[in-house]
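Protein sequences appear in the order of chains A and B. First residue of the first sequence? That's 1 in the numbering used here, and the numbers climb one at a time after it. First residue of the second sequence? That's 305 in the numbering used here, and the numbers climb one at a time after it.
If you're looking for bench data, these hints aren't it; they were derived computationally from the structure. Check each hint, because a few of them may be wrong.
Lysine to any residue pairs mimicking SDA-like chemistry, simulated, CA-CA at most 20 Å apart [unchecked claim]:
(1) K323(B) x E108(A)
(2) K458(B) x L479(B)
(3) K87(A) x Q68(A)
(4) K86(A) x V537(B)
(5) K723(B) x D90(A)
(6) K126(A) x K723(B)
(7) K125(A) x S317(B)
(8) K103(A) x Y325(B)
(9) K306(B) x Q68(A)
(10) K29(A) x L144(A)
(11) K64(A) x E79(A)
(12) K400(B) x E454(B)
(13) K103(A) x L316(B)
(14) K275(A) x N231(A)
(15) K85(A) x T522(B)
Listed below are the residues making up each chain.
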Amino acid sequence: MKLEVKNLHKTFSEKEVLHGISFQVESGKALGLLGRNGAGKTTTIRILMDVFHANSGEILLDGKTFNQKEHKIGYLPEERGLYPKKKVIDQMIYLALLRGVPKNTAKENSLKWLKRLEVEEYADKKLETLSKGNQQKVQLASTLVSEPDIVILDEPFSGLDPVNSQILKEIVQSLIEDDRIVIFSSHQMSYVEEFCENIAIINHGDIVLEGELSKIKQEFGHNQIVINSENMSVQQLNEYLCNNLSEEVTVTGIKKEYVIVSLKDNISKSDLLQKLIDNNINIEHFENYKPSLNDIFVAKAGDE
Amino acid sequence: MKNFFNVFKFELSNFIESKSYIISTAIITLLIVVVMFLPNFADLGLGDSSDTTSKTESGSENDVEDNNEEESGNTYIFYDKTSMFPTEEELNSQFKEADIKWKEAKSEDEVKKTVEKDEYKAGYVITSLTDYDYYVYNKPMFDSDTPIIEEIMKNIYRQNYCDNNNIDYELVQPLINIEILHNDNILGKDAAESYWYCYALVIIVFMLIILYGVLIATAVTNEKSNRSIEVLVTSTNTNSLLFGKVFAGTVASFLQIGIIMFAALGSYKINENAWGHALDMLLKIDAKVLFVFAIFGITGFIFYAFLYGAMGALVSKTEDINKSAGSLQMVIMIVYFLVLFQMSNIDGIAMKVASFLPVSSYSAMYIRVAMGEVALWEIIVSFIILVISTVLVGILGAKIYRMGTLRYGNPIKISTAIKAIRNKEHE
């Protein structure tokens, strides 16, 4: 399956909040939808889930208009919520039935996912009696209770401790391996980096970066070098490069332990290395820059 | 449709499995059954009840004391300033059969003081044959004391007048006190007979709408406040959600009132002789009226339940429900009072109009059926109007529910909601 979002526009009270969002995701791959608070991630997801209607644009599944009612979708909304005064198992069965799961399978699936998320002991307890973390796990279990082909998780890791995050990581990994479409938004870049082959960064309602993460990293790090020196601090090295090698490089970033520079046209890595040696810089570290997703995100969605 | 039943079953279980529902139904039903069986075990003073005739014949001291107390409760004190009033002995002899006793006071002050001490039921100071002062400690709503003294005074006045004008009082007395007898031959309906149960049914359906309407609105608002609404609207369509909720509320409410009414009518049927048929006016409901009440009451309830559901969707906090449902409750109150006040004018234009308007026909029509003359076509037309209005209100309610799904924060005005629906701006 291939889900394509094409040129979505959405206006609230005469203010356009999405200015043409486009991305695509295939079965067996996960898409990380990234963006700062208020960037438009949740609105995009809500349009995907038919909670909102887009003013224009289209969503296609395998080339045909995507009708949410025809597919099993597991949706974990950003605003978590179930029935606090109902038993966990009762509301899971109810949600499974609403999503078209047969009655006899609904209970089976509910118990399976509760067990998978290690909260099966709370099946007969009222939701409000559970800790926040366990409530979050019940919410995740109810998202997956219908064995969906498409899983959309809005900030799935928020509220989970490291142990529970690990359980969720394993589940997300298995969903991907099961050839399902997985879309999830998160501020926690490490998780996105871990699962997602593709990312889409939304900033102020626009897609500012979209594509395969490995290629993005490659392109983003292209022609950039990480340098540090044994005889200079990072700050001294930065000043030195700016003052003495400005024709060869541009400093693009300063980290705690190294400086990132971008090579100018017609300057090769060897040229730069030679210049540094010629200038008696005692090089400790010299390698291609491999940006983290966090670096890419900050560069693309940070303050202009 | 399948999801409508899933929502219906889930919401119905929410209603009927709640402790408050079970406890209130059980307690009210039990109380009613106990009250209905009470005349079998205690004398409720129901007049011709079979039990009241079987009083003990043993003349114990306690019985004598009780009788004395009862007698003092039927004793009047009087002070005659005219010297024309009958004596204490004459009056006691005259009222012996009526079980009323008289005591002549020595002064006006004695009348006042003894009545104040509650020694006599009431006191009279006769100042002339057409004028007297009445003393009573607590005056009841329906005073039966003054007609007694006035009848005595009228008789003395007439007798005195006859004596002064040489008329034989014995001769004219039958003329003055002529009693007109009549037989009731009601060819249509006796409004007095159905008045009280109609009154009770108006109150019942009003209470059901208010109580369960608010519960349905609360159920909708709770889904917004606990944020489960987003999961629900992405799992099924909003029509199933609202219709399921409203029909579940309807079944729960009429099940509860059905159990209570069944217990009341059933236990009264068993004990109607013990009650001396005293509650016939309230509990002997004509089957046709009960049927019209059921179909109009249930449909009218659903009509308002949809509106309450929509009002619930306009707010995000349960404490704000009264803000959004205030105007709806005002309409319900106006209808309630209009119908109650018009029960004495059942064939008036106001009642006729009210019996066709969907906001009021749920109670006005069955009252007209119970107490007045209504053609079958009128009942059918009124019911069709109510059903169509209910469906339209249901569709509108579902749209408002859908529109209000993710609008958190301040309550949404109904005008804003309708405008948003018109603009198809589902934010």
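Legend entry - Indices of hints not satisfied (ascending): Numbers 1, 3, 5, 6, 8 and 11, in rising order.
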